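Anchor point for the sequence shown: position 654 equals 654 in the working numbering, and the numbering is continuous, going up by one each time.
Simulated from the structure, these hints should not be mistaken for lab results.
For clarity, every value in this text was computed on a predicted model and none was experimentally measured.
Some hints here could point you the wrong way.
Calculated cross-link-like contacts (lysine to aspartate or glutamate; reagent style EDC-like; alpha-carbon spacing at most 20 Å) [as the list claims (entries may be wrong)]:
| id | residue 1 | residue 2 |
| --- | --- | --- |
| 1 | 805 | 762 |
| 2 | 43 | 29 |
| 3 | 816 | 756 |
| 4 | 90 | 134 |
| 5 | 517 | 495 |
| 6 | 816 | 384 |
| 7 | 517 | 384 |
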Amino acid sequence: MADRSLTPDELVLHRLINRTRTTRDLLGELERLSPEQRALAKKSLSVLRGKATFDFEYRYILLAAFLDTTPAQVAATLGEWSVKLLVRDKPARACVVERLTARGEDWVREFVAAALRKVSLAEHVPPLLDPLIDTFELPLPDAPRYWLGWMRTRSAPAHHCRWEKRFIAACAAPNAFVVPHGDRTTYLDQVVRRARNLRAAEPTDDPALLRALLQIFDRGDRIGGQRIAMLWLEGLGLIPLLPTERTRVIAALPNAGGAFAKLAIKQLLAADLSDADLTDLALAILPRSEKGLTRIVVKAATRLTAPSQDLLDTVQLIATDQDTTNAALARDLLEHWNTGPTGQPQPSPGGDLVPGIPASREQDAGTLGLWRAPAGRCPQPLRDHTDTALILDDPGLAALIAKVNTDRRGNPDLQEHALAALVATAHARGPVRVRHAIRTGIRHTSPHNSILAQLLEKLGRRGDGELRQPMMLESRPLTFLPVQRASDALGRLGELPCLLSTPTHTGFQVAWAVFAKRARRYREANLAVLPTDVAVALARLDRSKAPKGLSAFEQPVHGMPVDLATVIAHWRDHPARPGELRSLTTQGEQSHIPPSRLLEIDGDEPTSHELLGIHSHWSLPYQPIYAHQEDPWVLVMLPEHPARPAGLVLYASRTFALSIFERIATTVPRFGPVASFASLALASDTTTKDRDRAAALILTAWDEERLTADDLVSAWRSPWRGIREFSAPRVTETLGRIADAGGLALTWPLLTAMAEEISGQERIPAPASTVLESLLHYLPEVRAAGVPVDLPNVTALARRKAPIKAVRVAKLIVSKL
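Throw the hints in and build the complete structure from the sequences for me.
Okay, here's the thing in structure tokens:
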């Protein structure tokens, strides 16, 4: 329905709903509506709701419950935010449930179906729909996100509500188990207490509950969800039952997290496993990366007298592993079974030099060709970002705005494309059509929406089509620039022919030829280019390909005394200084804060911003303490200046840090010192489950020549390691995965630098020997590639007499030089 002004009678209803102070007063007013007012309210419900204030939109759900409405009409009043507010207003929610229940089973059945068809609402409606479903014993929903919301708000065991069936349905929904708010001990105590009360009132099918929970591990749900599932296993008292479902438990182990795998091994090995079950358990655990679990199972497998060929093959692989302890255990197991890696009893490798340490597999299998040069960068053109493709028809425009409205992750690709399409479509088809699509497509936003969605919502509410100048927020200092750029563009819809800074190729790159063509369109239209648009475009252009002659860019910059050619020349001839990290001093109550949480990034300032009149934290010292507050658009806004976004990697939590790094690794032309340092921090801190992803991103950055081996070595030797400590074993594990994927040329210089540093220490901690083991493992590959190897500290370490693992491995390394 097109937007229109309210009639006098509609205005009376609007004021009644939005100006009544309390829910109790509103309920009284709705009870007193005359038949004429009810008829008008039903007819004008969508118009009235469209004029609602943000905080009172939920009251129109209450209004619809008082009217003779259809299920579809009531469902149409449900919005993500309005449902949240209704759930918080308990008297309003109770009234809505009571009135909808009074309409009968058929009506409620249609309403539940209509509500669940709105996918974005599914996780928010359980508090509203559950009582209706219970009253009429309707079939339980099958929408996965419904059960995500149910687990968050209504999962506590309770009787007389089909709780067991609901819980089993929630277990069947992928990633429905969410991390609880508050203390986990309190959460567990609540589950234990509620489960006890439930079992006192009605019996529970514990085997069925256990089988349902095992699905979570079998699917490989997010690790946080698996931890919550383990709390439920404990709270429901199901852990002792694990051996009774040994087949399902073992089948779940390949995808399960380490904590569940450890629990399962403990329970299963304590039971009387058959040889077949023990073999299956070993085949599920031994391929995993956890060394401790491998050692437990290898030791347990000694009671097998007739191992299967699959198990023999698996143990033989471990016998050639670079972890010398596990390899020795595997060799002992093979000898116990009276067989070796070649099927016959064999002596320990290396003669009398290091008994019990296996030879590396390269001796028998040859090298794998892991040393190679980087592949190089090959950006692909973005077909949907051309001048023609950006001009949308009405359905395309509505669909794009709907995507922006439902985006909760702040997708930079979507925001970039949407902003460019709105500018291009408004210029080609007129701004009125675009503003109308914005106004009808985005009515309300929340802080969870992207910054573009929030700006569009504000634009839709302003009749003059102008946006106020944005304010810099302390919690989102880097976000100020993308907000300012988008505001500048949206405030001139229909006037601007295009954006200079819209990416033309993958990796948010802008081609010089297209940039020149876009600038020419501004000259032909006698328009000045926007400073923020120019600033972003320059950071996406290849400086090395900048033309020497810039007469074609002699055109004005809006509000600036310099022209575009002057700005480009200054940018071309004055690259930014390298970024750097500083640790802020701690004082008073901050003294307990670790240095890694008191970082400041300086340097890497865009040199063009001063000429363009842009003042933001991109040019000021920046403290990345609000990593979760900055919009993801920040990460791709200025690819040439990665220091500040890289600072967010250092401050963010592990998985979130990986998501930030993914953007940096695929967009910045050169990492620089801060981003290189962040790469090592990620290699050290990432979880085991995410380590392959982190390794792949670092390898991609090297392959595309954004990151070099020297960058990593410099980061390792950086004085900033006093700010942020790295775990050498975890870094080594990540480097190993990069090397195995063909990135040995990237990782070897860092491995040698780490090994030399460790070997030069007077006391070498046991975990540090993993670095030397990795060096030993890849040494044949390096020698086969003809790369000279010089390891004076490792050689000196091999001459020591200390009976420690590091010395034994050093001797093996020296024997292969």
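Take a quick look at whether residue 805 and residue 762 sit within 20 Å of each other, Cα to Cα. holds, 14 Å
Next pair to validate is residue 517 with residue 495; report whether the Cα-Cα distance is within 20 Å. holds, 17 Å
Distance restraint between residue 517 and residue 384, which requires alpha-carbon spacing of 20 Å or less: Satisfied, since the Cα-Cα distance of roughly 17 Å is no more than 20 Å.
Do the alpha carbons of residue 90 and residue 134 lie within 20 Å of each other, as the hint requires? holds, 18 Å
Is the straight-line distance between the alpha-carbon of residue 43 and that of residue 29 20 Å or less? holds, 19 Å
Taking 20 Å as the top limit, are the C-alpha atoms of residue 816 and residue 384 close enough? It is violated: about 55 Å lies between the C-alpha atoms, which goes past 20 Å.
What's the verdict on residue 816 and residue 756, does the C-alpha distance respect the 20 Å limit or exceed it? Holds, at about 16 Å.
Going through the hint list in order, the structure does not satisfy hint 6, though it satisfies all others.
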